Structures are given as structure tokens and as C-alpha cells.
Amino acid sequence: MITMSLCMIVKNEEKVLRRCLDSLEGLFEEIIIVDTGSTDDTKKIAAEYTDKVYDYQWIDDFADARNFAFSKATMEYIYSADADEVLDEKNKARFRALKEALLPEVEIVQMWYVNTKEYATTENFDKEYRPKLFRRLRSFTWIDAIHESVNLNPVVYDSDIEILHMPESNHAGRDLRVFRKQIEQGCRLSGKLLTMYARELFIAGETEDFLAAEDGFFQMAMDSRRSPEELDYCYCVMARIWRLKNCPEEFFKWALKNLVISPCSEMCNEVGQFYFDRGDYPEARIWFVNALQETKPILAAVYGDEIPAKMLDKCNEILAS
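Numbering (our numbering), first residue to last: -1 to 319.
Just so you know, the hints here were simulated from the structure itself, not pulled from any lab data.
Please note that a few of the clues may not be correct.
What the hints assert, rightly or not - The calculated label-pair distances, taken between Cβ atoms and stated as ranges, are:
#: 1; residue 1: 65; residue 2: 87; range: 31 to 39 Å
#: 2; residue 1: 95; residue 2: 183; range: 43 to 51 Å
#: 3; residue 1: 69; residue 2: 142; range: 47 to 55 Å
#: 4; residue 1: 94; residue 2: 173; range: 28 to 36 Å
A quick note: this is a predicted structure, and the numbers were derived from the prediction, not measured.
Cβ coordinates follow ideal geometry from the N, Cα and C atoms, glycine included.
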């Protein structure tokens, strides 16, 4: 049977940490908890479960924090968990079975990450595979009978284990600050991070978050190396910014960049909201119908159903009065 280290990075997780650790009880030979600056009882709770609690000076870099946690692990495999995750009894049994049967050549195990709608989240999915279990030390092998080379592709196993994501609140404000800092430091966001930044803005961003993002998204929108999908995300953010700034000319300049080629629900909602704010309810209604029936969302599912449906009801109510 393999041995496993549990690695976590935490900050002010007193409301959920005990729930998470109790759900994982008995699965790991080693528990490592890295605290990034808690001001509540998080560290006190962590100390009830392990003597390997470490302080980490937060530098707005989740990867660096996770690397620090991984560096403390000593077992064969490392399981990475967040404090707002829970493993129920059914999946705990699956986890035990995996631990007993996992072949040594497997280097990464993916598990289902399941969002539950009754909990606050900025994720845009209900269920997706995520890499969660990692072999601590890789064993490199040579391949090809001639002109041989080292196999650099990890052996990945897709398990049937489901991890419940059950946050008490979302961390959008924290995440948005990290995105802004990366851009301010001159970092070019990858396509994945650009997507996540735009998504978090549309799901949980406040007016000030959008306004603070203007320079960064303008630069990304002007980057010719960006894919059409990435540019559409930028156009959505820029259109929202100029709608909030009440500048019709700039608003439509950005909105049309999406609408004339590949209209999405988010942009139709923006145009609908533009007309709604000006009291043009018949025109607003057309765009909310487009968002609801004629287009698909690209950043957040609610812009293709819940939000336009709510706004359409408001338009109909006003027009009927």
C-alpha cells in the first residue's frame, strides 16, 4: 500500500478546516498545513490534527505557497486539499480502495471536483476532473528503440472519487487582487489566467474591481497573440467597464467587437442593461431575449439563464404597468 502526505495551504479557515480534516481522517500518514497569515483560530485547529504546521510569508503567489507545502512532504504521494473541500463516506471508501490498489507507475491521480449550488462559489462548472494526488518523486524512463528519449509525460489515472467543494464564502476579492498585482508587476497572464480573471469579475466583481482592471484588460485586448476566445473575454470586460463609466461611444466600440462575429450571452446582457438603465425597456427586452435564447455564455452560466430571465421579467413588468 502506498503512503500519502496531505498538504494544505490555509488562511482564516476556522469555519471549515475541522470539517475538512475530519472528513479525511485516517487516510494519510502525514498531514502538513501551511498557514499564510491567519488571524483567527485556524492554526490552533490545525495543531489538533498535526504537529507539522508551518508559517509562510504570503507573497500573493499560490503556486509558491503550494510548492512550499509540497517541500515539507516525505511520503510517496502528496494529496493537495483546500479547507473548503469535503470527502463523504462513499468517496472516502473509494479513496481507501485507491490507496490499496494504486500502481506505482501512476504519477498523477485526477478526481472529480464537485460544486454544490447551495454554497458560494465563483467556479463556472458543476463537476470537472482535477489533478489531486501526485507522486512526490518521479521515476524517469527511456523510450524508443532508436534515437531514444526520456518520457516526460506523466502517467495519469482518472479515478471515480468525488470531492465536494463547500465554501462558506467565495475568495473573489483576494483572487482579484492577485490578478491585478501580477499585471502591475509586468507579468503576461496565460490564457487560463486571463479566462479566470474575466470569469471572477463577471461572477463576483464589484464596480471598483472592474474599474481597477481597465488598464490590464486593455493591454490584453490589444495583444495580437491572444486567441479569439481570449479577446472575446477582454471585450466583455471592457464593455462592462465603459457601461459602468456611462460612456456609450466606448461601450459600443467594445461591444460590437464581439457582437458582429461571435455574440455571447454576456455581451447581450451588457447591451440589454445599457438600454434598461436608460429606460428603453422595449429595446432592453430584445437583448435580454437574445441573451436567454439566441446566444451562449462564455464566462458565467448565469448570464445565459438566471440573469437575463430576471431582467426580462423586470422589463415585462414595467411595460405591462
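Here's how the hints hold up against the structure:
Take residue 65 and residue 87: their Cβ atoms lie about 32 Å apart, and the range 31 to 39 Å holds. Taken as a hint, the range 43 to 51 Å holds for the pair residue 95 and residue 183, whose Cβ atoms sit roughly 45 Å apart. Between residue 69 and residue 142 the beta carbon distance is about 33 Å. The supplied range of 47 to 55 Å is therefore violated. For residue 94 and residue 173, the Cβ-Cβ distance of about 33 Å falls inside the hinted range of 28 to 36 Å, so the restraint holds.
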